[in-house]
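Assemble the complex: chain S is given as a structure, and chain X must be docked to it using the hints.
Chains as they are written, first to last, in this note's numbering: chain S, 1 to 112; chain X, 113 to 229.
It should be emphasised that the hints constitute simulated quantities derived from the structure, not laboratory data.
Below, computed lysine-lysine pairings styled on BS3-like, alpha-carbon distance capped at 30 Å:
1. S:K49 with X:K156
2. S:K49 with X:K153
3. X:K127 with X:K156
4. X:K156 with S:K69
5. X:K156 with X:K166
6. X:K156 with X:K190
7. X:K166 with X:K127
8. X:K153 with X:K190
9. S:K58 with S:K69
10. S:K49 with S:K68
11. X:K166 with S:K49
12. X:K156 with S:K68
13. X:K153 with X:K166
14. X:K163 with S:K49
15. X:K127 with X:K153
16. X:K153 with S:K68
17. X:K190 with X:K166
18. S:K58 with X:K156
19. S:K58 with S:K68
20. X:K190 with X:K163
21. X:K127 with X:K190
22. S:K58 with X:K153
23. S:K49 with S:K69
24. S:K69 with X:K153
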Amino acid sequence: AQSVTQLGSHVSVSEGALVLLRCNYSSSVPPYLFWYVQYPNQGLQLLLKYTTGATLVKGINGFEAEFKKSETSFHLTKPSAHMSDAAEYFCAVSSFLGRLYFGRGTQLTVWP
Amino acid sequence: EAGVTQFPSHSVIEKGQTVTLRCDPISGHDNLYWYRRVMGKEIKFLLHFVKESKQDESGMPNNRFLAERTGGTYSTLKVQPAELEDSGVYFCASSQVARTGGSDTQYFGPGTRLTVL
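Next up, chain S with everything else stripped away, as it sits in the complex:
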């Protein structure tokens, strides 16, 4: 069975600081991993995904994530936070049929 744990329901950083959002997963099959972002009053938007191949995945808005099988992790990073990055971020793993299993989400606050 698949599951996702996101460490930290709230993360606060200063503008220009490194963003690190943690995600660990459990999967009985080779995982497909996703990061989604939700801005206020909007739907979830895909930031990036890992399916196969290169373990460092680059996404939109300067975000990237690295798949580490030995650590069962898929942490999301951005070198320099921007005020517009303030949102809620969700890590997810999919089943073979496509069903997504989500973590509880991490609310990112960016201070000026």
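Only chain X this time, still in chain S's reference frame:
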């Protein structure tokens, strides 16, 4: 290209009433998913359609929930009768047929916030 749309955006009903949520997926997407987020909890899967057929409805909480996708286009999710614990945000997502299982991107709608009083 229009994204996934959901209607209504908000619904406030009393316990025991009926509510119907609608989702219009991206045109041409065969896969349609429903998810729900109860306050403070993770987003949870409800069910998955492939065209008009239910592929997986293992996440449906109970028989008060009925989902349909007539003609393989839009979908409705009816809650009858609604209970307090049904409150939450209901998301719909769609994707094209995946070449390999589970890797396809799901595109989400903005959600319907349901409040049951």
